[in-house]
Amino acid sequence: MTANAGATRTLDGVVIGDAPLISVRGLVNRFGEQLVHDGVDLDVRRGEILGVVGGSGTGKSVLMRSILGLRRPDAGRIRVLGVDAMAEDPVTRRHIDRNSGVLFQDGALFSSLTVGENVQVPLKEYYPDLPDSLRYELALLKIKLAGLPADALDKLPSQLSGGMRKRAGLARALSLDPPLLFLDEPTAGLDPIGAAAFDSLIRTLQQALGLTVFLITHDLDTLYAICDRVAVLADRKVIAVAPVAELETLDHPWVQDYFNGPRGRAARDAMQETD
Amino acid sequence: MSVAPNHAPPAVAVDPQDPARLRLSGRWTLRYANEVGEALRAAPDGIACVDASAVERIDTLGVLQLLRYADRNKLDFDRFAFRDDQKSLIAAIEDVHDQRPKKQRDHGFHAALGRLGFAVVDNTREVVALVAFLGEVLAKLLRLFKEPRRFRLTATVHHMEQVGLDAAPLVALLSFMVGAVIAFLGAMVLQDFGATIFVVELVSAAFLREFGVLLTAILLAGRTASAFTAQIGMMVNREEVDAIRVLGLDPIDLLVIPRVLALLAMLPLLTFIAMMAGLLGGMAVGAFNLDIPAAAYLARMQEMMETRHFWVGMSKAPVFAMVIALIGCLEGLQTEGTAQSLGERTTSSVVQSISMVIVLDALAALWFMEMDF
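Protein sequences, first through last, are from chains R and B. Here the first sequence is numbered in our numbering, starting from 1 and rising by one per residue. Here the second sequence is numbered in our numbering, starting from 1001 and rising by one per residue.
The set of hints was computed from the structure by calculation and includes no laboratory data. For clarity, every value in this text was computed on a predicted model and none was experimentally measured. Among these hints, one or two may not hold up.
Stated by the list, open to error - As a list, the in silico BS3-like pairs of lysine-lysine whose alpha-carbon atoms are at most 30 Å apart:
hint, chain 1, residue 1, chain 2, residue 2
1, R, K124, R, K155
2, R, K124, R, K144
3, B, K1087, R, K144
4, R, K144, R, K155
5, B, K1087, R, K124
6, R, K144, B, K1074
7, B, K1087, B, K1074
Unchecked claim - DEER-style ranges, computed between Cβ atoms:
hint, chain 1, residue 1, chain 2, residue 2, range
8, R, Q34, B, D1098, 49 to 55 Å
9, R, G32, B, V1181, 48 to 54 Å
10, R, D154, B, A1011, 35 to 41 Å
Every residue, glycine too, gets a C-beta built ideally from N, C-alpha and C.
Given these sequences and hints, build the entire structure.
What follows is the structure, given as C-alpha cells:
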C-alpha cells in the first residue's frame, strides 16, 4: 500500500488521517419534555460497518438525522469527515453532503422520476458539466452494482418491488462514490432471502468501494453477518460499542433480552453454521 | 478544513522505455471527469498496455472511462495494471459493465403521431369512466334508501362545512363585485338611450338565470374539485383505499357519497347566496351611482321579474354539483401512486370540472331559451 491508501477518499481533497470518520460527543436531543439523547458519544472508524441497535424510540433515526444535519441537536458536538457537522456554513455542509450517501428506510426515491433519473439527480447537481452519455452510463453502472437488472433503469419506483426499491435507493446513495454510507434499516420489510442477499451486497460494495457504513438495524442476522462493531443505544446513551460476540455477554437487561431471546439465538446459531 | 496539497489532475504519458505502454497518474475521479475524458482522447495510438499503478485515486467514473477507452481501442482489460488496493473496485465494476448501447429515444413524426393516438384513446376512456362512475354512484345512492346504515352522517356534515360554510364569504364577495360590474357596464350602454332603469332587469336576469349559479359552480370547481382529488388521491397513494376495500367497506359509500351529498346540498345554498349578493351589488351601484334609490330598485325588480328566472338558475345547481363532485372524486380514485400523478390528476379535475360546467351551462341556456322559460 502506498502512503495514500490510508487516507480517506474524500474527493474534495480533505485528508483526515486515521481519525474517526464520524465522531459524536455529548449529543443531547430533546422533543419537548421528552429527552431522547442525553450525552451520546460515538465514533465510527474508517472502513468499518458500524451497526446501531436499540429498542423502538431510543433515537436511532434521530441520531442519524443529527449527523446528517437534518435535525439540529440541543447540545453536543458532531464531526463528520474531519469537519464540524453542526456548522451553518454552506461550504462545510456541501462537503459532507457530497461525501455521504444515504439510504432511507423506504428508499425515498423521487416517485415521479425513473430509477435511472433518480440515480442521475446527484450527478446533475454536483457535476452539471458531465456529458449526458457518460452520466447515463454511470447511472447504469451503479444500478447494476446495486444488483438490479439493466431494464430497471427506465422503470418508475412505483413499478418496483420493495426489495428492488431499496436497491435503487442504494444505487442513488452510491452515485457520487461517497466514502461514507448511511443505511436506515436496509433489510426491514424484505423477505429473509432478500435480506440476506442485501446484507452480502452491502458487504461486497463496502469492500470493493472502501466504504465506511453507518447502519441502523433491528435485524439480528444483519448484525451477525456483516457488522464489524455494534453500538447499543439504551437509556438515552450509547451504552456499549463492541463486536457482536462481546455484546452478547454484556450485563444489561435490554441487551440480554435482545441477543439471548429466541431470535437472537437463532441468528447466532445460523452464523455458527455458516462458519 | 485541511486541503490536500497535491490536487493532481489525471495525466497520461507514454513510457519512455516502451512506446506501446501508457502510464497513468493523478486522480481519476468524478471531480476530474472532463480532464479524464480529455487525457484519454489525447493518448497516442498504438498502445498495447496501460500501467495505472501510479494512479493516486480512482472511482467508478475513472474505471468506466478506462473501460470505454479499452473498448474503443480494442484493448483487453487484462492489459491494464492497477494498484493492489484498487483492484477490488476495478473487479466489481468490470463485473457489471457491458457495452449496451444507449437506448435511442424517438422524437420524430411517428412518436408524435403515437402520442396523439394515445391521448385520444385516453380521453375516450376518461369519458367512459366518468359515465360509468356516474352510474355506480347513482346506484349506490339508491341503495342508501334500502340500507340506511351505510349512510355516513358525520362525514357528510363535515364535508358540508368545508364545501359550503367555508366558501360562503368568498362566494358572496365575488358575486357582489360581479353584480356591481354588470350594473356599471349596463348603465354605460343604456345611459345613451336614457334607459338606465333597465339596469335593474339586466342585473336581475343575469344573476338569477346565469351568473349566480355559474360563478358559484366555477368557484367550487376550483376550490372543491381539487380538494376532493387531492384528499382521495393521497389516500390511494398511501393504500388507504385498498385498506377500506379489504375491510369489506365500499370506498364509494365511505368517500364518494358523503362528498357528493355535501355538494348537492351546499351548491344550491351557495347559489342562493351568490344571487342575493349579486343583486345587492347591482342595487348598491344603482343607489350610489345611477340615482335609482333602493326602494325604487326593489319595486321595479318585483314588478318586472318573474320567479321563473330564479328557478331557471336554481335548477342547474344540483347538476353542476353532481358534475364537480363526480369529477373530483373520480380523478382522485384514478391516481397512480406518484406525486407527479397526483398533481396531474388535481389539475385535470379542475380543468375538466370548469369546462364541463361552462359547456353544460351553455347548452342549458340554449334549451331554456328555445323552450321560452
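Let me make sure I understand: some of the numbered hints might not hold for this structure. Which ones are they, in numerical order? none
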